[in-house]
Amino acid sequence: MPGSIIEGRRIAESQTRTPDFCIVGSGASGGVCALKLAEAGFDVLVLEEGPNIPHGPGHGGPSHVRPSFTEREIDMYKTLYQEGGGRTTSDGGIKVMQGRCLGGGTTVNWSACLPPPVFTLDHWRTQFGLPFTRQNLQPYLIEVVNYLHIHQNDRYNTSAQALIAGCTELGYRWSNLPNNTHRCRECGSCGVGCPYDRKQSGIVTWLPAAVERGATIYTDTKVNHLKRDGERVSEVQAAFLDAKTQPTKRTLTVRPKLGVLLAAGAIGTPSILLRSQINPNELVGKYTHLHPVTICIGRYGQPTFPAYGVPDNMMSDQFAAGPTGYLIETGSFFPVLSAAASLDYGERMHRLMRDYYPFGAIMYAHHCSGFAPDQPYGTLKLDRYGDPDLEYQLAPDNMQAMKHSLIEMTKIHLAAGASSVYHITNPSLEISSTNELHQLNDISFEPQRTTIFTVHVMGGCRMGADGARSVVKPDFRLRGAANVWVVDASIFPTGLGANPQVTIYALALWAAREICTQHNRPFALHQQQEETLPWAGY
Amino acid sequence: MGRILTPILALLAWPKKVIQIDEDALNFLDGKTAHILFAVGEAVTGEDFRVKVPHFIPLIDEYLAYQRRQQREAFRQGLLLVENALANLVFGGRLRGFSHMSIADRQRVLEHLKGSDTQLLRNLYAAFVNVSASAYYASEATWKDIHYDGVSVDHPPLLQVARWRSNDPRPVEP
Chain A
1 MPGSIIEGRR IAESQTRTPD FCIVGSGASG GVCALKLAEA GFDVLVLEEG
51 PNIPHGPGHG GPSHVRPSFT EREIDMYKTL YQEGGGRTTS DGGIKVMQGR
101 CLGGGTTVNW SACLPPPVFT LDHWRTQFGL PFTRQNLQPY LIEVVNYLHI
151 HQNDRYNTSA QALIAGCTEL GYRWSNLPNN THRCRECGSC GVGCPYDRKQ
201 SGIVTWLPAA VERGATIYTD TKVNHLKRDG ERVSEVQAAF LDAKTQPTKR
251 TLTVRPKLGV LLAAGAIGTP SILLRSQINP NELVGKYTHL HPVTICIGRY
301 GQPTFPAYGV PDNMMSDQFA AGPTGYLIET GSFFPVLSAA ASLDYGERMH
351 RLMRDYYPFG AIMYAHHCSG FAPDQPYGTL KLDRYGDPDL EYQLAPDNMQ
401 AMKHSLIEMT KIHLAAGASS VYHITNPSLE ISSTNELHQL NDISFEPQRT
451 TIFTVHVMGG CRMGADGARS VVKPDFRLRG AANVWVVDAS IFPTGLGANP
501 QVTIYALALW AAREICTQHN RPFALHQQQE ETLPWAGY
Chain Z
1 MGRILTPILA LLAWPKKVIQ IDEDALNFLD GKTAHILFAV GEAVTGEDFR
51 VKVPHFIPLI DEYLAYQRRQ QREAFRQGLL LVENALANLV FGGRLRGFSH
101 MSIADRQRVL EHLKGSDTQL LRNLYAAFVN VSASAYYASE ATWKDIHYDG
151 VSVDHPPLLQ VARWRSNDPR PVEP
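Residue numbers (the numbering used here), protein chains in the order written: chain A, 1 to 538; chain Z, 1 to 174.
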């Protein structure tokens with residue numbers, strides 16, 4: 001019998017539920033586990049802090065099937081992102097863009113799909129005793145690729161075309177970056193929710209399939225505490241939120257019969273554990289890793305229509321090798337996102353918007369981090385109200401690599417024909433020839449000296465075989481709590497070195513298999529028909 | 001510290017009221033911080049601000065609902081601090097409340113915050129730019145200046161011709 005999606009904002013009275021499993025979070029890992037556990041016949045309840053995104057007719061023609069996805073930036077950032085899109089590290093230095101809605105990050109990411117780098121898996125195995133290898137992940141990767149229709153879409157927007165042209169001119173590698181889309185309409189709005197259901201996010205795939213198999217999902221429902229009873233968590237205590245994310249007096253108490261899966265992401269999951277004073281080895285919140293992102297915008301001689309087209313289907317891995325390597329990718333960009341990143345005001349800000357927005361192409365670099373044991377790392381703490389506050393310090397190696405990426409992206413833009421390249425620094429910097437590249441060696445990464453953001457947060461509940469150096473066991477169980485599994489990116493012992501959604505999906509499938517096996521229930525992969533993966537050389 | 005400083009700064013703040021604000025409709029700002037915020041928005045984006053972003057105060061008041069509580073408090077405190085005449089003597093050389101200054105003088109204060117060696121002041125500056133510039137460029141009235149045609153669900157014909165890949169004749173998927 002199908003389950004349902006219940007909107008917490010509409011609930012009039014406090015409630016108590018007793019499912020087999022309670023899954024906290026409906027993003028990449030929560031969606032996978034909801035479906036696989038529901039398939040196995042378990043009674044599954046999913047709690048999501050963010051809003052529901054109902055299906056229905058929109059005002060933008062017959063293909064507009066998610067009416068609440070209006071593509072209007074400020075409204076969408078406000079409702080679909082943590083802290084209205086305004087989350088930063090505690091020193092304000094890095095903007096942290098994280099989804100906060102049904103489907104979590106899968107709903108608002110740019111559809112980029114890369115597999116876990118082999119060097120990262122090797123590092124995790126040798127340094128932390130994790131069981132994952134390129135070979136044993138293969139069936140899970142195939143499942144994800146086929147279920148989410150991950151493929152190479154070769155319709156390139158102007159930023160992607162600039163990357164191809166510049167890399168070709170310089171002799172750098174470039175390649176297609178596969179997407180989880182089906183018949184993409186090229187509206188460019190992946191980052192504010194696909195209004196046409198063409199992105200194969202959790203709200204289109206795992207979650208409705210889980211509901212079809214009996215799972216129940218509560219949205220607008222924030223988990224505050226886990227109540228511990230000896231070696232088990234006996235209760236999940238949550239509050240229903242109103243339409244503006246403010247807590248109501250109505251609560252939800254969940255007493256799961258078999259267990260709790262934490263899937264609230266690398267900030268959400270450690271926060272819940274810290275609020276609940278569950279802290280194995282005093283390591284919860286420690287070793288939080290980001291992929292810091294540097295950005296620059298080239299100005300070209302003709303209109304580029306930067307808001308439209310497939311946002312993120314081209315990359316260069318020319319400089320990706322090693323623990324401080326970086327991937328260069330491209331995107332679409334919109335007026336509010338561009339203005340919000342600015343470190344200028346007044347006429348200079350307007351002049352930069354007029355000069356660069358209509359004629360701009362964007363490149364950005366995701367930087368790998370967290371591999372050297374003596375590097376600084378992030379620590380998630382709670383502020384005085386119990387909300388998450390991430391202290392994060394850039395490592396010297398990262399800062400060196402970030403200057404390198406800014407220089408290389410500038411070279412690529414100039415080689416592609418850009419007349420100048422704008423760097424969002426304080427004071428802002430425009431570079432028009434390779435003779436001026438040396439100026440980039442002098443930029444600072446102190447807060448508000450250069451705009452840095454991240455969309456990938458990992459770690460904080462490190463998985464490992466060493467009982468004293470980890471929070472989560474290699475079978476995904478939380479140390480010291482026999483009925484709690486941590487299934488999201490918080491288990492990553494380091495940064496991943498690639499866009500993480502595919503890895504999160506694959507590991508969540510692994511976790512679901514572990515749980516089904518432990519409870520003598522069937523677990524099956526259904527999408528094994530095509531064995532070719534869309535990543536050349538992987 | 002903030003819990004002591006904010007009420008003191010609020011007592012000392014008497015911002016200039018240049019627009020009508022429905023204070024009863026505010027949830028996170030109050031009358032004083034709302035008027036200071038308007039002065040900030042005008043300094044960041046210029047004289048046409050009130051025409052292009054007529055609903056700035058309710059927009060940001062609602063946006064603050066989504067911020068974590070500690071950030072909201074820090075933002076309010078920052079507004080009250082920048083309105084303080086003594087602070088502005090340090091920031092910009094004028095012994096006047098921020099909202100009482102001309103736009104040019106307010107921009108001198110912004111310039112001081114922007115270039116400050118004190119991280120907290122730079123963060124304050126960045127927060128001011130972030131909310132003001134976001135609200136400004138969220139307004140359709142500004143899109144013509146930057147040749148932005150709007151979103152596809154409001155203007156479905158935008159996706160009829162793939163102008164962003166003019167050398168590729170394949171049509172956009174229907």
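Errors might be hidden in some of the hints.
[Claimed, not checked] According to the in silico footprint, chain A covers these stretches of chain Z (three or more CB under 8 Å from chain A):
1. 38-52
2. 64-72
3. 110-123
4. 131-143
5. 147-156
Note that these hints are calculated values from the structure, not bench results.
Beta carbons are placed, not taken as given, at the ideal position from N, Cα and C, and that holds for glycine.
Hints, one by one, checked against the model:
1. Given a C-beta distance limit of less than 8 Å, the hint that chain A covers the region 38-52 of chain Z holds, as 4 residues qualify and 3 suffice.
2. Only residues whose beta carbon comes within less than 8 Å of a beta carbon in chain A count, and the region 64-72 of chain Z has 7; three or more means the coverage holds.
3. Three residues within the 8 Å Cβ limit are the bar, and the region 110-123 of chain Z against chain A gives 6, so the coverage statement holds.
4. Three residues within the 8 Å Cβ limit are the bar, and the region 131-143 of chain Z against chain A gives 9, so the coverage statement holds.
5. Counting residues of the region 147-156 of chain Z whose beta-carbon sits less than 8 Å from any beta-carbon of chain A gives 8, enough to reach three: the coverage restraint holds.
In this structure, every one of the numbered hints holds.
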